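> Single-letter residue listing:
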Amino acid sequence: MMTAPQARPAVPPAVSPATAPEPAPLLDVRGLTISYGNARGTLRAASDVSFAIRPGEVMGLVGESGSGKSTIAMAILDLLGGGGRVESGEILFDGVDLRRLSPSERQALRGDRIAAVFQDPFTSLNPALTVGHQIAEPLIQHKGLSPRQAAARVQDLLAEVGIRDPRRVAAAYPHELSGGMQQRALIATALGCEPKLLILDEPTTALDVTVEARIIELLAKLCDSHRLSALFVSHNLGIVNRICQTVTVLYGGVVVETGATGRVLSRPAHPYAKGLVAALPRITAERRHRLPSIPGTVAKLSGPPAACVFAPRCPFAEETCRSQPQAMRMDGSTDGVRCWKADALAGTPWPDEDAAADHRPRTTQPRSAPLVEVDHLRKIYGASRSILPWLRRAGTVAVEDVSFTVGRGEVVGVVGESGSGKSTIGRVLLALTEPSAGTVMFDGADLTQQIASGDQTLRRRAQLVFQNSAASLNPRKTVGAAMDRPLVLAGRADAEERRRTVASLLTRVGLPAAYADRYPHELSGGERQRVNIARALATDPDFVVCDEAVSALDVSVQANILNLLAELRDEMGLSYLFITHDIAVVSHIADRVLVVYGGTICEEGPIGRVLRPPYHPYTEALLSAVPRLAEDGHEAPRILLEDASPAPGGRGCVFAGRCPRKLGSVCDEQAPPVHETADGHRIACHIPLATLAERAAVFPELADGDTRH
Amino acid sequence: MTDATPARAPVQSVPRRHLPSLPVSLLVGIVLLAPLVVAAVAGSWIAPYPYDEMNIMSRLQPPGVEFWFGTDEFGRDVFSRTLVGTGSSLVMGVAATALSLLAGVPLGLIAGYKGGRTGEAIMRAMDVLMSFPPILLGILVLAVTPPAQWKAIVAIGIVYVPQVVRLTRAITLELMQEEFITAARLRGESAAYILFHEILPNIWPPLVVEASLRVVFAILLGASLSFIGMGAQPPSSDWGLMISEARPFVEQAPWIALCPGFALATAVIGINLLGDGLRALLDPRNTGAH
Amino acid sequence: MFAYTLTRLVYLALVLAVMSVLIFLVTQAMPGDVASMIAGQFASKEVVDAIAVKLGLDQPLIVQYGHWAAGILRGDLGRSLVLEQPIGPILMEALARSLVLAVVALFVVAVVGIGLGVLAAVRRGKLTDQLVSGVSYLGIAVPDFFWAIVLVLVFGSYMKLLPTGGYAPIADGFLPWASHLVLPVITLVLMLLARIARLTRSSMIDVLQTNYVKFARAKGMPESVVILRHALKNALLPTITVLAIDFGLILGGVVVIETIFSYPGMGRLLLFAIQRHDLPLIQATILIVSAAYCLANLTADLLYAFVNPKIRHGMRAS
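Residue numbers (this note's numbering), protein chains in the order written: chain D, 1 to 709; chain P, 710 to 999; chain R, 1000 to 1317.
It should be emphasised that the hints constitute simulated quantities derived from the structure, not laboratory data.
Fair warning: this is a prediction, and the values are worked out from it, not measured in the lab.
Among the clues, some could well be false.
Below, in silico cross-link-like pairs of lysine-lysine (DSSO-like), each with a Cα-Cα straight-line distance of 27 Å or less [what the hints assert, rightly or not]: (1) D:Lys300 x D:Lys341; (2) R:Lys1232 x D:Lys143; (3) D:Lys196 x D:Lys143; (4) D:Lys221 x D:Lys196; (5) R:Lys1125 x R:Lys1044; (6) P:Lys823 x D:Lys477.
Looking from chain D toward chain R, a few residues come up when the C-beta cut is under 7 Å (computed) [claimed, not checked]: (7) Gly111; (8) Leu125; (9) Ala128; (10) Pro138; (11) Thr433.
Derived Cβ-Cβ restraints for the label pairs, each shown as a range [unchecked claim]: (12) P:Gln886 x R:Gly1055: 50 to 56 Å; (13) D:Arg461 x P:Ala879: 33 to 39 Å; (14) D:Ser384 x P:Phe971: 34 to 40 Å; (15) R:Leu1056 x P:Gln886: 50 to 56 Å; (16) P:Ser899 x D:Pro304: 52 to 58 Å; (17) D:Ser418 x R:Val1009: 31 to 37 Å; (18) P:Met763 x R:Gly1055: 49 to 55 Å; (19) R:Leu1302 x D:Pro389: 38 to 44 Å.
Glycine included, each C-beta is placed from N, C-alpha and C at the ideal position.
Starting from the given sequences, assemble the full structure and let the hints guide the process.
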């Protein structure tokens, strides 16, 4: 399933203000200030926020967590919860201030002329009602349709959002549908009453990349064909680039920059926007191991800003920035920036202090000798041998016949979507769960046998950095206490010496030694992730599994942590198994990569090989789904996969059900052969290698001769 | 990734060692319970009359200056009896709860941590215990031998063991999924260390709340058992027993039942409020963590 | 769903078997000896022994248990020593009366409790909410027998509106029958109302904060639809479970209330049996009450599974 290269939809005819009168904006937010208040103080979620969306325009509202972007979306819908209050400002929809309407008038607009789609499809649908019923509700409520008429319309709507069998989906309960299908159903609900404005609050964040690509494609098509205006709230600049004509950047509840998407992302004017764009890992020709990063943590305001909100983290800040609040400076009707130095800084990139570190030598050359050897690993969950025959179950295959090695000082990336078995592989390697079959050798010794015999020494040499930095620290223990235990277990008796070690470990990961006395909840997310890394280092490991270790972090913090991990690898010779769904992150840090799908490895090899053809069809789809910041003009066709789940444990190729290049019944019935090219690059596919190699590169900028990749 | 919930986030910087303000319900609970605790400890010294002093001349006296809450059918002072009975009634609740915690928490921890056959066996045994209606189980245990208060305590303790086991196991299972437990396993901690240093400190806040509710149920069940003659025995002035003894005279002398009834209500409401207050106090969202 | 039900039934049978052993052993340990009770206070040892042999009481416990259990499986619950009648009919009559009490009380509790809980959740933190929690506190603050005494005092003795105890068969007319039920039902309702109201309130509050309720509001649904259709349907799941468990509690646990109101149900029968050391009657009553309690629990779980589309459609409940 392929579509022609689709660039951003054209900017609506309003760019030349000199010739035609500016059409009145559909949504005009002016001076919106929102506070959350409780007994302990107030938090300003939005300060004097203004922006406008013209008819037929999709505007991106971007920012990191705590920037106030979702709060603004909820304020427009009049659905602020948890003590949130609009302090001042106007929300003009079609010229009418929504704040002056009565609650019932606002309710009549919601779902009818202003519709919404939220982040998490899994929780946005009511589990107790059928999908069809939930789509029909607003039709009956706002359009006065009879239940029968509404049911007929539901079928049309479901078909319009690309659902093949509308009848079945309408009768289904939400839990019977995949995430992508649920999100389609939500979009169908939003479209039902032919709204003029869509509020899209991170509509694809909870979805896998291949599903995300299809949903974004669908949204772009619908906005175009229905001439819909939309407010697209997102933290993902690549997605914003795909669908939005204009973008507004928020920081600490303040609009710092606004303008046409292409201009803002390619030539950001505000220092924060520059930093955000620079810190994003991306797949480029020149391979970098250090990312430019933004120091510090996100600002939170309790009152009107007294200075530039970004000044504490801004490398260009001067005295004026710290003493005077900044005003928005508009350039024409659409572009604006809240920085008095913007003109002076035009063309000055975000400082890249870590660039030099890229050329520092690594203590261990990758792939010298294998540290971890995984041989024919298989893991089945939930198998049950009950005496009651109807309770016996064969279990679900999480990992099916996986073999690979990790060399000393090598970083092996594991890329896959949810349900691919990537986390299970990590857990088996850490002896957190026993393999159902196969062996894991760690430094020449059988890991499972060692653990079973009660020997914990091997275990301490392999550590884990978790995704959720908050949950991985015991809330009732100080940072110091959490790091002290591994040292005690290692037999270090001298308390004073242990204290010094903790201090040096904290310093090692870039935290003040005084943090040893703090409790986890007193730290920010990025700081907690540093503590996590420091704790993993306390056992003096050789091997660290990073399970989505940077996925929950904001872009600016993520860059910091990635740099730290790269530094530790270079200096201590650590090996990583880097598990993630984010290919840009993997291409940035990994030496080799395993692409997993449905519990099997479909492609593996040096990162530079995997990013270039020949591709496994799944790798190709995965790569083409990666949203990109810069449109390079000669983009390869985007490959869109069906919404379907892998079916591991069968006889054929696990990807056969979704494969756009499926050959025929051979794919369903026989396990694919493994083609091997140079440098240990392997592809498991029935399609001959030569045919696979004929495909165009998804990233043509990665030249063939590039040795760094 | 969303910023929909900044309401709970502390403003500007995180205050260190944030001391939460005490919930109102906790304070009211303490105010209600304080006099009862005093009565339980020092009841027989502060009571105006000995609790078992009979006086045929002043039978069924209504409340007045001499006898603040009247007298019962033997001419015993109702107020003094209620005061002295505090100890018996509260001890019944607290001791029975302590017993069920003592037996239930370790069983629950083992069932949650070990799982497998051991866990299965524990939970199935608890299922059988839970298949009896609570008061019936109490009666069944008590009917074997002549009634006595300590036996009632044991019986109530046994009745509530399954609930404690279930709760402890559920929290333990939940905690076992937590990543900081995984981290402890990864650094090679022993099962005992994980149970006592990682799990137990996180388990006691919900257990304290649970215990306060259990005390209420235990007091009420104890009173019920005394009421049907299977708990405290005459001439004890246990509240349940007092109400039971007052029943035949309730039309002529309702005060005999009302005084212990109100005492019971005060205790139950006080402990309930205390439990609610503790729940609010121990809620991690209230300590600056989020 | 079918496999789930089947598993639970197998499991119920196992639990009941274990329970019957426990009940048998405990009652054996009780004071009172069947043979001497039948023989009478002044009978000679020889007579007592002869009766014991005739009843098989001289045989090992396991054989005695086998006889008893086999009898139950055949539907023969034995003979009451004190009443000198077969236990079956007595028990069934008492069970029917207790059932009436339980069903009426449960109905009232469900309607009033869920109503109050929803009201309190919707008006969270406001006066209505505080009133509801105040009233529900009162209900659980005092033991049921205290309420019973107060009700008897007020409605029976002072106002002389209602009978203070006893039971009238429905054959005597609807009003007399119903009037005997009023006070026990109110007492039971007071006891159970608080839990149902508070549970409904808290699960309703949780549900009102979910994304799907937010999405329903974003669709422009009126608040009444959001609360009654979107929220209540999900919030009722835990309440249904507790209601079914309460049903079992009422059946088995109303010993005290039935005693106070002289209501001739299972609870009073049990207490009577214990006080008179009527071992066969004790065994039978406890077994039947416990079985009813287990069945109510099972119904609760099945009901939960049935109203929950996640379990009803395909997914297995564990």
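> Now tell me, hint by hint, if it's right for this structure.
Cross-check of the supplied hints:
| no. | hint | result |
| --- | --- | --- |
| 1 | D:Lys300 x D:Lys341 | 23 Å, holds |
| 2 | R:Lys1232 x D:Lys143 | 25 Å, holds |
| 3 | D:Lys196 x D:Lys143 | 15 Å, holds |
| 4 | D:Lys221 x D:Lys196 | 15 Å, holds |
| 5 | R:Lys1125 x R:Lys1044 | 73 Å, violated |
| 6 | P:Lys823 x D:Lys477 | 24 Å, holds |
| 7 | Gly111 | 3 Å, holds |
| 8 | Leu125 | 6 Å, holds |
| 9 | Ala128 | 4 Å, holds |
| 10 | Pro138 | 5 Å, holds |
| 11 | Thr433 | 19 Å, violated |
| 12 | P:Gln886 x R:Gly1055: 50 to 56 Å | 55 Å, holds |
| 13 | D:Arg461 x P:Ala879: 33 to 39 Å | 34 Å, holds |
| 14 | D:Ser384 x P:Phe971: 34 to 40 Å | 55 Å, violated |
| 15 | R:Leu1056 x P:Gln886: 50 to 56 Å | 55 Å, holds |
| 16 | P:Ser899 x D:Pro304: 52 to 58 Å | 55 Å, holds |
| 17 | D:Ser418 x R:Val1009: 31 to 37 Å | 36 Å, holds |
| 18 | P:Met763 x R:Gly1055: 49 to 55 Å | 50 Å, holds |
| 19 | R:Leu1302 x D:Pro389: 38 to 44 Å | 26 Å, violated |
Hints 5, 11, 14 and 19 from the earlier list are contradicted by this structure; the remaining hints agree with it.
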